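J.: Note that the protein sequences, when read in sequence, are chains A and H. Following this note's numbering, the numbering of the first sequence begins with 44 at its first residue and continues without gaps. Following this note's numbering, the numbering of the second sequence begins with -17 at its first residue and continues without gaps.
Possibly wrong hints are sitting among the right ones.
As the list claims (entries may be wrong) - Covered by chain H, according to a simulated footprint, are these stretches of chain A (three or more residues, beta-carbon under 8 Å):
(1) 74 to 83
(2) 90 to 101
(3) 128 to 141
To be verified - With a cut-off of at most 25 Å between alpha-carbon atoms, the simulated DSS-like pairs for lysine-lysine come out as follows:
(4) A:K142 x H:K42
(5) H:K50 x H:K38
(6) A:K61 x H:K86
(7) A:K100 x H:K42
(8) H:K59 x H:K34
(9) H:K50 x A:K142
FYI, nobody ran anything at the bench for these hints, they're computed from the structure. All figures in this text were calculated on a predicted structure; none of them were measured in a lab. Glycine included, every Cβ here is placed at the ideal spot set by N, Cα and C.
The chain contents come next:
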Amino acid sequence: DVKVTQSSRYLVKRTGEKVFLECVQDMDHENMFWYRQDPGLGLRLIYFSYDVKMKEKGDIPEGYSVSREKKERFSLILESASTNQTSMYLCASSRPSHKETQYFGPGTRLLVL
Amino acid sequence: GDSVTQMEGPVTLSEEAFLTINCTYTATGYPSLFWYVQYPGEGLQLLLKATKADDKGSNKGFEATYRKETTSFHLEKGSVQVSDSAVYFCALKGQAGTALIFGKGTTLSVSS
Chain A
44 DVKVTQSSRY LVKRTGEKVF LECVQDMDHE NMFWYRQDPG LGLRLIYFSY
94 DVKMKEKGDI PEGYSVSREK KERFSLILES ASTNQTSMYL CASSRPSHKE
144 TQYFGPGTRL LVL
Chain H
-17 GDSVTQMEGP VTLSEEAFLT INCTYTATGY PSLFWYVQYP GEGLQLLLKA
33 TKADDKGSNK GFEATYRKET TSFHLEKGSV QVSDSAVYFC ALKGQAGTAL
83 IFGKGTTLSV SS
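Same shape as in the complex, but just chain A:
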């Protein structure tokens, strides 16, 4: 059974803190993604990675960075958390073809106070 796991389901942080969200997939997928989900806005792509150490900006990369040191792991970093980054964060992975399904983790609900 395919699996994408995220390090935390719920996280509470203070403004200005550095925040790490971790994602691990066990399907040997080349592509990994970080999305943000907000009510009324749907899912928006923050960053994606198509290989180890490779990354591409998505639609809303400002205030975020990512790291992919191993194929199975993709980290999202909030360098200095702000209240407008309070959101649900979803990680996903897939094979490269446009026909391939993207598999999602359970999400991390982040609250920045």
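Once you have looked at the hints, place chain H on chain A.
T.: For chain H alone, kept in the frame of chain A given last:
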């Protein structure tokens, strides 16, 4: 650029009613089309997909047909159940693209 438009919710139905959630898209070439479902407190799960024109995706009683001529991928189910209550997302992946492009989601609430 590529985009997906799906009907606004919430959609409220009684058990055993017929469901349609409209989805239209804008894309160059021949994208793949997907419906994902999100149950309360969970991540997104693939419901069904279609990767070429006229393909019909189906799963758990849900169906959607890839219509190139109307650029649509409407989701249907003949008889909904309370357990179908969730948020439904239409999405596309362009031929040259890597990431999914999502609609804003439609909340379905089914009462007994």
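J.: Work down the list of hints and note, for each, if the structure agrees.
T.: Results of checking the hints against the structure:
{"no.": "1", "hint": "74 to 83", "result": "holds (count 3)"}
{"no.": "2", "hint": "90 to 101", "result": "holds (count 4)"}
{"no.": "3", "hint": "128 to 141", "result": "holds (count 4)"}
{"no.": "4", "hint": "A:K142 x H:K42", "result": "holds (21 Å)"}
{"no.": "5", "hint": "H:K50 x H:K38", "result": "holds (12 Å)"}
{"no.": "6", "hint": "A:K61 x H:K86", "result": "violated (29 Å)"}
{"no.": "7", "hint": "A:K100 x H:K42", "result": "violated (35 Å)"}
{"no.": "8", "hint": "H:K59 x H:K34", "result": "holds (21 Å)"}
{"no.": "9", "hint": "H:K50 x A:K142", "result": "holds (16 Å)"}
Figure legend: structure checked against the earlier numbered hints; hints not met, in rising order: 6, 7.
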